[in-house]
Amino acid sequence: MDMNIETPEDQNEENSRRVQVRFKTKLKPPQKVPSNSIAIPSNLTRFGLSSVVNNLLQAVNPEWKSEPFDFLVNGELVRMSLEQFLLAKGISAEKVLEIEYIKAVAPQKEEEPSLHDDWVSAVDGSNPGFILTGCYDNLGRVWKAGGVCTHILEGHCGAVSSVNIIKSDGLKYVTVATASKDQTLRLWKFDAEELVNHPKKIRSFKILRGHKASVHSIAAETSGNMVCSGSWDCTISLWRTNDSDAAGNQVSIKKRKGNNQVEEPQLEGEAISTLVGHTQCVSSVVWPQQETIYSASWDHSVRTWDVEMGKDLSDIFCGKALNCIDIGGEGAALIAAGGSDPILRIWDPRKPGTSAPVFQFSSHNSWISACKWHNKSWFHLISASYDGKVMLWDLRTAWPLSVIDSHKDKVLCADWWRGDSVISGGVDSKLCVSSGVSIQ
Amino acid sequence: MRERKKSSAVEVSSVKKKKEKKTKDNNEPREQKEKEESQSIMKQQKNTTSRSKKEKQRKATEDYQSLRESELSGDEVHGTDHDVDNADDHHEEDQTDGSEGHRGVEESDSSEDEVAPRNTIGDVPLEWYKDEKHIGYDISGKKITKKERQDKLASFLANVDDSKSWRKIYDEYNDEEVELTKEEIRLVQRLLKGKAPHTDFDQYADYVDWFKYDDALHPLSNAPEPKRRFIPSKWESKKVVQYVRAIRKGLIKFDEPKEEEPKFYLLWGDDSSAAEKANHLAYIPAPKPKLPGHEESYNPSLEYIPTQEELNSYQLMYEEDRPKFIPRRFTSLRSVPAYENAVKDSFERCMDLYLCPRVRKKRVNIDPETLKPKLPSRKDLKPYPVACYLEYKGHKGAVVSISTEASGQWFASGSTDGTVRIWEVESGRCLRVLEIGEAIQYVAWNPLPELPVLAVSAGQDVLILNTGLGNEEEQRRVKDLLHVETPTAPDVLDLGLVEDHLLKNLLLALMFTLDGVFGRMASQGRLPLHVFHPTRSIFFVSTKKNIRVYDLLKQRLIKKLETGLKEVSSIAIHPAGDNLIVGSREGKLCWFDMDLSSKPYRVLKCHPKDITNVAFHRSYPLFASCSDDCTAYVFHGMVYSDLNQNPLIVPLEILRGHTSSNGRGVMDCKFHPRQPWLFTAGADSVIRLYCH
Numbered sequence: 001m002d003m004n005i006e007t008p009e010d011q012n013e014e015n016s017r018r019v020q021v022r023f024k025t026k027l028k029p030p031q032k033v034p035s036n037s038i039a040i041p042s043n044l045t046r047f048g049l050s051s052v053v054n055n056l057l058q059a060v061n062p063e064w065k066s067e068p069f070d071f072l073v074n075g076e077l078v079r080m081s082l083e084q085f086l087l088a089k090g091i092s093a094e095k096v097l098e099i100e101y102i103k104a105v106a107p108q109k110e111e112e113p114s115l116h117d118d119w120v121s122a123v124d125g126s127n128p129g130f131i132l133t134g135c136y137d138n139l140g141r142v143w144k145a146g147g148v149c150t151h152i153l154e155g156h157c158g159a160v161s162s163v164n165i166i167k168s169d170g171l172k173y174v175t176v177a178t179a180s181k182d183q184t185l186r187l188w189k190f191d192a193e194e195l196v197n198h199p200k201k202i203r204s205f206k207i208l209r210g211h212k213a214s215v216h217s218i219a220a221e222t223s224g225n226m227v228c229s230g231s232w233d234c235t236i237s238l239w240r241t242n243d244s245d246a247a248g249n250q251v252s253i254k255k256r257k258g259n260n261q262v263e264e265p266q267l268e269g270e271a272i273s274t275l276v277g278h279t280q281c282v283s284s285v286v287w288p289q290q291e292t293i294y295s296a297s298w299d300h301s302v303r304t305w306d307v308e309m310g311k312d313l314s315d316i317f318c319g320k321a322l323n324c325i326d327i328g329g330e331g332a333a334l335i336a337a338g339g340s341d342p343i344l345r346i347w348d349p350r351k352p353g354t355s356a357p358v359f360q361f362s363s364h365n366s367w368i369s370a371c372k373w374h375n376k377s378w379f380h381l382i383s384a385s386y387d388g389k390v391m392l393w394d395l396r397t398a399w400p401l402s403v404i405d406s407h408k409d410k411v412l413c414a415d416w417w418r419g420d421s422v423i424s425g426g427v428d429s430k431l432c433v434s435s436g437v438s439i440q
Numbered sequence: 001m002r003e004r005k006k007s008s009a010v011e012v013s014s015v016k017k018k019k020e021k022k023t024k025d026n027n028e029p030r031e032q033k034e035k036e037e038s039q040s041i042m043k044q045q046k047n048t049t050s051r052s053k054k055e056k057q058r059k060a061t062e063d064y065q066s067l068r069e070s071e072l073s074g075d076e077v078h079g080t081d082h083d084v085d086n087a088d089d090h091h092e093e094d095q096t097d098g099s100e101g102h103r104g105v106e107e108s109d110s111s112e113d114e115v116a117p118r119n120t121i122g123d124v125p126l127e128w129y130k131d132e133k134h135i136g137y138d139i140s141g142k143k144i145t146k147k148e149r150q151d152k153l154a155s156f157l158a159n160v161d162d163s164k165s166w167r168k169i170y171d172e173y174n175d176e177e178v179e180l181t182k183e184e185i186r187l188v189q190r191l192l193k194g195k196a197p198h199t200d201f202d203q204y205a206d207y208v209d210w211f212k213y214d215d216a217l218h219p220l221s222n223a224p225e226p227k228r229r230f231i232p233s234k235w236e237s238k239k240v241v242q243y244v245r246a247i248r249k250g251l252i253k254f255d256e257p258k259e260e261e262p263k264f265y266l267l268w269g270d271d272s273s274a275a276e277k278a279n280h281l282a283y284i285p286a287p288k289p290k291l292p293g294h295e296e297s298y299n300p301s302l303e304y305i306p307t308q309e310e311l312n313s314y315q316l317m318y319e320e321d322r323p324k325f326i327p328r329r330f331t332s333l334r335s336v337p338a339y340e341n342a343v344k345d346s347f348e349r350c351m352d353l354y355l356c357p358r359v360r361k362k363r364v365n366i367d368p369e370t371l372k373p374k375l376p377s378r379k380d381l382k383p384y385p386v387a388c389y390l391e392y393k394g395h396k397g398a399v400v401s402i403s404t405e406a407s408g409q410w411f412a413s414g415s416t417d418g419t420v421r422i423w424e425v426e427s428g429r430c431l432r433v434l435e436i437g438e439a440i441q442y443v444a445w446n447p448l449p450e451l452p453v454l455a456v457s458a459g460q461d462v463l464i465l466n467t468g469l470g471n472e473e474e475q476r477r478v479k480d481l482l483h484v485e486t487p488t489a490p491d492v493l494d495l496g497l498v499e500d501h502l503l504k505n506l507l508l509a510l511m512f513t514l515d516g517v518f519g520r521m522a523s524q525g526r527l528p529l530h531v532f533h534p535t536r537s538i539f540f541v542s543t544k545k546n547i548r549v550y551d552l553l554k555q556r557l558i559k560k561l562e563t564g565l566k567e568v569s570s571i572a573i574h575p576a577g578d579n580l581i582v583g584s585r586e587g588k589l590c591w592f593d594m595d596l597s598s599k600p601y602r603v604l605k606c607h608p609k610d611i612t613n614v615a616f617h618r619s620y621p622l623f624a625s626c627s628d629d630c631t632a633y634v635f636h637g638m639v640y641s642d643l644n645q646n647p648l649i650v651p652l653e654i655l656r657g658h659t660s661s662n663g664r665g666v667m668d669c670k671f672h673p674r675q676p677w678l679f680t681a682g683a684d685s686v687i688r689l690y691c692h
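Chains as they are written, first to last, in the numbering used here: chain A, 1 to 440; chain B, 1 to 692.
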């Protein structure tokens, strides 16, 4: 990235005004500058400020390797020259300006993409050990770091539309769920730690039938006992994931054994509950808390469901068909959603009496296919769009922090991985991993 | 004055009387003549009493002059035989004058009881008898014949001889000659002088106070002034009280005094507007000729003088374009020649004023903006397709037809490259490619979601295709269905899929009855367009210019819609079923309201080229048309359930993006069944999705 090489620009300093600033940070001592105020030219941009800080750090510690920083004034990222910024925000330049600096958030490195046989339609990076992807060739895949495919989930007869890692809490076996356009959901179990040099094909241990149309999205409960799925039949179904109650369903599996060449017993499950209310395809569901499910639909609404009651608690009307939804941010309460227009909207459901979005990010050029909050930061989220770009956003500025332009065609899915990487899959059959995103 | 006049008349009459008395012994005619004379004078006097004195005086002078003249004219000279009589008269008169003067005055009032005149015709114009032999009738009713007239010469000679002839007067009324006495002439002369006719009448006599007498102690009445003259009248006060009561009761009403509106006028206002206000024919002044400017001065500034080049260029101009006046410089006003066009110019101006009618025209001042129909703002009609975000690429030939699945998850497209493709809407993925081998004409997805089958018309065949979507159960059903249906005879018509089984049977039955219609149209070499009513058993078929509406149950024509277009290219029906849009080859779009008339409710001229297809949205109030000009138009078409309200049509958006290929643009357009999105199939083998 261009920020790695930094040179102080002293040429313009002569003919410009100066502001008194004091840099402060929450970073650890090696990155801390002395807290006395200095005068800097007011026409410095983020790049200039960053070089100033790096120079200061070098003055203290000669071995310091310069590093890009981002600067916050009154809780907003500086995205223009300091002078313009102060003018725009109406901040007085008379007093000593307190500038907080943080590490710049941008991917440092582009990993080698993992090639699939068909469009990558779904990705899940919630387990730091592996990446789970779903593909239009009806297969799910498990990837290790470095682009190694360890497992292939085989069994769907339609394109996999959504994948979700259910349990990864230190157990040896990991349970994952996939949703497919063949109207079923499948649960899979495999040993993630297993070392294989050739991709191992595994079969699902449980098939969840009940939807009358393609299943579009899937989300697991935090405890991992249940999953919910949104489908084209306008419903959200809740399913149990445990394999203990499968005895009654064994018979139906045996019937099917004739044309199934695999002898492994397959369980079938039925929906324990169905949430009805949406009038069109439920395109995305998230289950961030035990009792609440958030869903986005093509009927232009975002609904909040009470799991126990089976009713929707609130309804945010958006006006556009929605493709993706995620919950996160401040207090894990902000709703980010994108859909059939290039605007990523963020609502705060705690704000009473309004359904207007609190943030709107509109740098994309086409439909937004995925959006994900960073699970630790309150401010960062990514969005993927059909224009082939993945954008990294910070709520404190209206411009994207960085644009990952590694895909050639539509990006269908994106997620965070390990807290410092952005993974995305698209129509060009690639799973791209952009690592080195340093978020404290 | 008047008194004097009267008295003179009296005297005349008195003179007559005296004469009568004196000449009693004279012969009858003489006597009569005199009487008549006095009568005529009387008459003259009577006639003139009413006239003013001046007039009388003038008359008298005339008489006198006529008297003088008569001597010359000789008209009234009758003869010499009167001489003696006259002389006698004079004599006698002289005698009686003094003695009988007073008596005459006393008897003056009784002038009426004189002897009646000889002629009795009364006061009629004498010219009535001018041509008669007689002058009138006497008292016994006999005609009085006119006297023989002397010839003029003789009468003249007679007058010359007769020294008294100047005293003779001809009395026309009685047709006789009267000789005035000396006294009479004197009287006349006095009258002419404006004096009293009698010499003895003292005009300035002393006043005699008859009421004065010597022993008069008291005035005529010495009674004291009566009391009533000093006190207010009781009767009047009663009357006043009456009036007051009447006024109070309201019996007497007075006209309310008109409140005078203060009259203001614009001191500096324009008079011309005031003239316009008057509704009578106002005078329109002739436009003033243009005043001469600097260039018409005898010594204009140099910049007004045309250069030689300009003068030359004038010569090249047309006669009409040439400047009328070319400024020239003169050293002095003396050397300015006469203006050679003066007569011509004034003639032309007169001609202009004469030929050009000056009429005050009332011009309605309307802002053209207000004449535009009030359309709602586009913002209020959202959502509607605006921008293209997705393209579906894969076909190798022009995409001819598209059809969406009922839920809106997939759609199918048919192309001239002989393939049918099934696409996923949300991702743009082509799920399946079905090779047909022949150019596809039409694709239609089954509206029933349980049977995901596709009807495709290619060449001479209609194919029912399995899309392969849906779960195993549905697939099995589809396979069963297709197995049964394969033997059905393929038909030329691309039927679409009929929702109702009843309707389907009916359609089969109808196919034979309509065979004649279709047969004829087939012979014209074009495929008939048709559409089913969404709820009722009504079927719309287009001929080249008209739409025929058939009732399928009764199997007969119920309506004929006249499009007025050159050639119908596409039709679509509103989901409520009462409105129909028809696209034409000349780029016009007709909206028919079936409840209104058989003529189009609106004709929209929007596309410069052929309209290839039109479509209604199933739930949103939208309709679209696509054309060979590579654009698709989206309209707001609101149909109200209130029958009194006509449909509202608002053009919303022109969707561009397709490129032309072989002269064809957009071949088909279909709305997404649930979203306000529009699919357009282009001849450039791309399908585009326009989202809101």
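If you are wondering where the hints come from, they were derived from the structure by calculation, not from laboratory data.
Even for Gly, the Cβ is constructed at its ideal location relative to N, Cα and C.
Incorrect hints may have been included.
[Stated by the list, open to error] Going by beta-carbon spacing under 7 Å, a handful of chain A positions derived as facing chain B:
id : residue
1  : Cys149
2  : Gln183
3  : Ala321
4  : Ser340
5  : Ser366
6  : Trp367
Against the structure, the hints:
With 7 Å as the threshold, the beta carbon of Cys149/A stays out of range of chain B, its nearest partner Cβ sitting at about 22 Å, so the hint is violated. About 5 Å separates the beta-carbon of Gln183/A from the nearest beta-carbon of chain B, less than 7 Å, and the hint is met. Taking 7 Å as the C-beta cut-off, the interface hint given for Ala321/A holds, the closest approach to chain B being about 6 Å. The interface hint given for Ser340/A holds, since its Cβ lies 5 Å from the closest Cβ of chain B, which is under the 7 Å cut-off.
Hint status for Ser366/A relative to chain B: holds, with the closest Cβ pair at about 5 Å, below 7 Å. Residue-level restraint check for Trp367/A holds (minimum Cβ-Cβ distance to chain B is 5 Å; threshold 7 Å).
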